[in-house]
Amino acid sequence: MNKGVKKTSRLAVEIAGIRFKNPVLTASGTFGYGSEYAPYTDLGRLGGIVVKGLSLEPRAGNPGPRTVETPSGMLNAIGLQNVGVESFIKEKMPFLRRLKTNVIANIFGETVEDYKEVARRLDGVAGLTALEINISCPNVKKGGIAFGVVPTEAHRVVSAVKSSVGLPVITKLSPNVTDIRVMVKAVEEAGTDAVSLINTITGMAVDVEKRRALLATKTGGLSGPAIRPIAVRMVWEAAQVATRPIIGIGGIMTAKDALEFIIAGASAVQIGTANFVDPDSAVKAVDGIEEYLKRHRTSVKDLIGSLKA
Amino acid sequence: MNKGVKKTSRLAVEIAGIRFKNPVLTASGTFGYGSEYAPYTDLGRLGGIVVKGLSLEPRAGNPGPRTVETPSGMLNAIGLQNVGVESFIKEKMPFLRRLKTNVIANIFGETVEDYKEVARRLDGVAGLTALEINISCPNVKKGGIAFGVVPTEAHRVVSAVKSSVGLPVITKLSPNVTDIRVMVKAVEEAGTDAVSLINTITGMAVDVEKRRALLATKTGGLSGPAIRPIAVRMVWEAAQVATRPIIGIGGIMTAKDALEFIIAGASAVQIGTANFVDPDSAVKAVDGIEEYLKRHRTSVKDLIGSLKA
Amino acid sequence: MEEKPKKILYNRQASAHYYRMGISWATPTIAPGQFVMVRVTDGLDPLLRRPFGIYNILGPKGKSRGTGIELLYKVVGKGTRILSTRKPGDDIDVIGPLGDGFPYPSGFRKVIMVAGGMGLVPLYLMAKELHGATLLFGARAREETVFIKDFRKFMRNVKVATEDGSYGRKGLVTELLEEEISSGSVIYACGPIGMLKQASAIARRADVKCFVSLERSMACGIGVCLGCAVKSRPHKGSGSGVYRMVCSDGPVFDSADIDWDSFNL
Amino acid sequence: MEEKPKKILYNRQASAHYYRMGISWATPTIAPGQFVMVRVTDGLDPLLRRPFGIYNILGPKGKSRGTGIELLYKVVGKGTRILSTRKPGDDIDVIGPLGDGFPYPSGFRKVIMVAGGMGLVPLYLMAKELHGATLLFGARAREETVFIKDFRKFMRNVKVATEDGSYGRKGLVTELLEEEISSGSVIYACGPIGMLKQASAIARRADVKCFVSLERSMACGIGVCLGCAVKSRPHKGSGSGVYRMVCSDGPVFDSADIDWDSFNL
Ligand SMILES: Cc1cc2nc3c(=O)[nH]c(=O)nc-3n(C[C@H](O)[C@H](O)[C@H](O)COP(=O)(O)OP(=O)(O)OC[C@H]3O[C@@H](n4cnc5c(N)ncnc54)[C@H](O)[C@@H]3O)c2cc1C
Ligand SMILES: Cc1cc2nc3c(=O)[nH]c(=O)nc-3n(C[C@H](O)[C@H](O)[C@H](O)COP(=O)(O)OP(=O)(O)OC[C@H]3O[C@@H](n4cnc5c(N)ncnc54)[C@H](O)[C@@H]3O)c2cc1C
Ligand SMILES: Cc1cc2nc3c(=O)[nH]c(=O)nc-3n(C[C@H](O)[C@H](O)[C@H](O)COP(=O)(O)O)c2cc1C
Ligand SMILES: Cc1cc2nc3c(=O)[nH]c(=O)nc-3n(C[C@H](O)[C@H](O)[C@H](O)COP(=O)(O)O)c2cc1C
Ligand code: FES
Ligand code: FES
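Just so you know, the protein sequences line up as chains A, B, C and D, in that order. Quick note: the first sequence, position 159, residue 159 per this note's numbering, numbers continuous. Quick note: the second sequence, position 249, residue 558 per this note's numbering, numbers continuous. Quick note: the third sequence, position 161, residue 779 per this note's numbering, numbers continuous. Quick note: the fourth sequence, position 205, residue 1088 per this note's numbering, numbers continuous.
Please note that the accuracy of each hint is not assured.
Okay, derived cross-link-like pairs now, DSBU-like style, lysine-lysine, Cα gap no bigger than 35 Å in a straight line [as the list claims (entries may be wrong)]:
| # | chain 1 | residue 1 | chain 2 | residue 2 |
| --- | --- | --- | --- | --- |
| 1 | A | 294 | C | 625 |
| 2 | C | 849 | A | 210 |
| 3 | D | 970 | A | 256 |
| 4 | D | 946 | B | 565 |
Take a look, some chain D residues computed to stay more than 10 Å from chain B by CB distance [as the list claims (entries may be wrong)]:
| # | residue |
| --- | --- |
| 5 | 892 |
| 6 | 1031 |
| 7 | 1035 |
| 8 | 1048 |
FYI, nobody ran anything at the bench for these hints, they're computed from the structure. Quick caveat: nothing in here was measured; it's all calculated off a predicted structure. Ideal placement from N, C-alpha and C gives every residue a C-beta, glycine not left out.
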């Protein structure tokens, strides 16, 4: 027990050389570009903000319906609609860089070159702390199979990005794989500075009266508390082989949920769907974790991967 | 529209040469050996009963805690505790064979030989309609990796069983794979007469106060409505490549849920966790499906895979 | 963030499936047509908030700010069922006011409001502000017309059509619109997509301006999830593509900007 | 299967976190120590039923069948919180009576009941049947002793220990047991595993028979999910292995049959 831990250092963690004042970030695609939630929560109290996935060019996204609620979760098929990397830098970064929190740009592409180019444009942008590579996207050159489910392809994307930028690189893993450990090893070998997991799990819901899928694209990504047990398991599995820090994601609603991930091996967490339910969830989680750390006289650093055998 | 479908044929389906009077079965491990639920529901109204997984020898199962509730679901790590194939035949079949419903034996082993031997002992047992092979089990000869996640291993198990028995064989697929279609093709090539999916998804939950997993075995299988969107998606994917009938499983609580699977491509469904919540769920689902069929003037047969593009 | 919790003042059944809920809340300025996102339970079922239009502002008459708001809702599923069991005095978690609301009609000869079912809700505050507007209301049957009396209190021109003829004219509200429309009118419409599409076509043919308030299922309500997309006509394509968000770009749109063929009805 | 729905007769707060719920139900024969599985909501949160002991049978005095049952429960989480909001007159979905209950004590010189916290519940019907039994009750503090008065109504020998000394003796109930135990006694115990393990050890040392009622989290309550397993001592191993199901093989076990070291306290 570290009885002497100070309030500030109790919550702080370091990932990929970046200091996070606390381990609670908001997840890509669930927190816009930060400003939208400013009226509802104190952005400066977040450990970090991961912005909506960015591509080289603006993308219009998928036709609607794009979301549907499911038991303790939701499916989304947004189609990675975004303003494009240039508008992001010009229109969104000025607000974001003034916040007292880390700003991480989530990026994606349909070819390795796309990824590389988006990353290059973001490298050196003032106020940006890191890149998070979303490898769940279909690889158009490989018949649309996602980069994130083929270890060699994931390796290619990550090496390409890593070799083109100075910013720390976090690789966000897809859960739609047989063995997450293989993916962790592949992207670590490619030089990623950290991994984050999980992205959404592919799912589908049917309107039985109309006999058609409830999402226009038929399938979409499942998120929310429903997937938390799967996410905790994958983080724990990843922690058995990872040599770099892990950021846990999936169904976190409360401090208790966040602590499950940290104890299972995550150095930090991201909160996604819960923002929709309560825009203040992330800040409440920070408060709850702090209360827990005090009660147990410990620090996040000491808690990481502390699951008993 | 088949305006003339009769009440009986409206609900009936044929799978692997077996006639089911309706498409609603109860899932392995969630309905014991049938007799336990006799006081709470009308067993004769079920399309079929799949009994708890059987192994060659009785198995004691895992230490407790073995179950934990999660958002809209539960984790279980029963460890395939069962009475063994011989006691099943002697002690459980006499009750089961008197029921006016199909009885399917779910089987598993740790080696291909185990599977074969269990299957052989069950072949020809009066009152047994089919075998369901649970391939989610660890293959002890291959370092404990489950048969169900390696297509060639799944193929070996299924061919071995299929070549040893006269009973129709259903193969129950694990969802813990990158591409369910590959598994469907592998087991169809091995001669399975039908596939059923999904088995539980591996998950984990942590007691943050005690910093230990809530299940004694750390990880377990996630079931219940939480996983339904994933299960529906996998059934739909399977239906794109399958040439044999599909039985849909995963989070079905109501007739509406069952219909999602049927419209996505399943010829029948199994109800698992819902039995714990309401022992009469399966019979209520039968009633609800019948009401739907009448209202839409259709039959289960016409509904299978009728999802609009 | 810390804020004074909003409380349920009343939650009264108005008829079989319809409720009025008063919420005590020192409201910010509310524009007619705005909505709120309500968390119906602090459990996980249902998980997401539910959107409801702001029907009325409680407090000083005729003001855009007040001491509370009134919602009107219909029980259609589990979220609204749970809402209907909530008790006066309870805290209620409400985010809003959200969206843009209706533009004030200046320079039009006649204001025609067209509502289908609960589409009445976002029109009430607007109707109170305007004098001499016409309200055309469509419903399936008489039981859905319970709130029309609220409008009759201060509106002279209220016409109703029901599909089964149990109240007002037998037929569709769009048939009433065909009769009422005249050049120089402006239309404010809210209701099912099919009705809005029809109203929009009628307006286009008559070369009349038409504003519609749309409904889509919403996860966030504030423009973040990008879930409530509707397709706008290409000439209005923004930097982020041809999709507009109902929650943050709307819910009110100029009907000429909407790609009505994109809806899979 | 169609059955007359059971209804809530009353649901009264007995003290801060404790409630008594009466359920109207033409009960089958109930043995002391049996329990029921209650569905607290028809939503999905929480998903599973919750187990509760049958505290009392309502109806004709001293019978094993009645016109209803009474539950006593403590609000500890979301299921019991929702249960505490349920209203008299509502239907309630209850499965039971389940499990085996306590064997009748024949040929013993003294019956000692040992209860910790809500462990009182399964002992009440037994206590009513037996005359001259001793009840030893342990709790953390006075507020947890509210139901002890029910027992005092017909029992002379009731001794209480609280951890903070706010009621009765300061200390653990197992210390009372050490004093009361004598050869030829039989013990009926229910409470936290730690307490039962202690009681079992005391009984073994005194060579006294001890029956314990166990609690495990339960998914089905009827022996089907095989989730509520406890390890029995090897010599009692059945065909299905050394695990016994609390719901269907218990909840009452001979303490000598339990492998107390298997619990990860
Ligand atoms: C901007 C906006 C304003 C609204 N204002 C009102 C209002 O003032 N009064 C009112 O009664 N209703 C209003 N609605 C509709 C209301 O949000 C839905 O009726 C409610 O969310 C249904 O929740 P539920 O859990 O009861 O139903 P569910 O169980 O979720 O669904 C039941 C049925 O309702 C449909 N449904 C679910 N959510 C929506 C939705 N967001 N929009 C349309 N249909 C839906 C489902 O497809 C299903 O058929 C509004 C919707 C929007 C988008
Ligand atoms: C055979 C049996 C008889 C019981 N009889 C009574 C009774 O008469 N009165 C009474 O108040 N309680 C009784 N319990 C305990 C009661 O079932 C739990 O308190 C209840 O299930 C908690 O539900 P919850 O949703 O409120 O809590 P949850 O939110 O599920 O959990 C809150 C806390 O309670 C613990 N808990 C959850 N479920 C159980 C469980 N099944 N057993 C023990 N701890 C649990 C959790 O670990 C957690 O710490 C009995 C339990 C069993 C197994
Ligand atoms: C509406 C929505 C949009 C999302 N968009 C992105 C995205 O652009 N890039 C990305 O990497 N993940 C995206 N995600 C995935 C989340 O960042 C997160 O990994 C996932 O939702 C699981 O976390 P949760 O259960 O807390 O929501 C999105 C999720 C949702 C619900
Ligand atoms: C407690 C429990 C025990 C199970 N045991 C078995 C088993 O022995 N064999 C098997 O193939 N599946 C077993 N399953 C998996 C179910 O048959 C089913 O595939 C899974 O639970 C998903 O369906 P559901 O969501 O309706 O429960 C078990 C599931 C549960 C919850
Ligand atoms: S509901 Fe999220 S963007 Fe509109
Ligand atoms: S709770 Fe299912 S076997 Fe006991």
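Taking the hints in turn, this is what the structure says about them:
1. A:294 / C:625: holds (33 Å)
2. C:849 / A:210: holds (22 Å)
3. D:970 / A:256: Status holds; Cα separation ~31 Å.
4. D:946 / B:565: Answer violated: residue 946 of chain D to residue 565 of chain B is near 44 Å, above 35 Å.
5. 892: Residue 892 of chain D clear of chain B: closest Cβ-Cβ about 23 Å, beyond 10 Å.
6. 1031: holds (29 Å)
7. 1035: holds (35 Å)
8. 1048: holds (26 Å)
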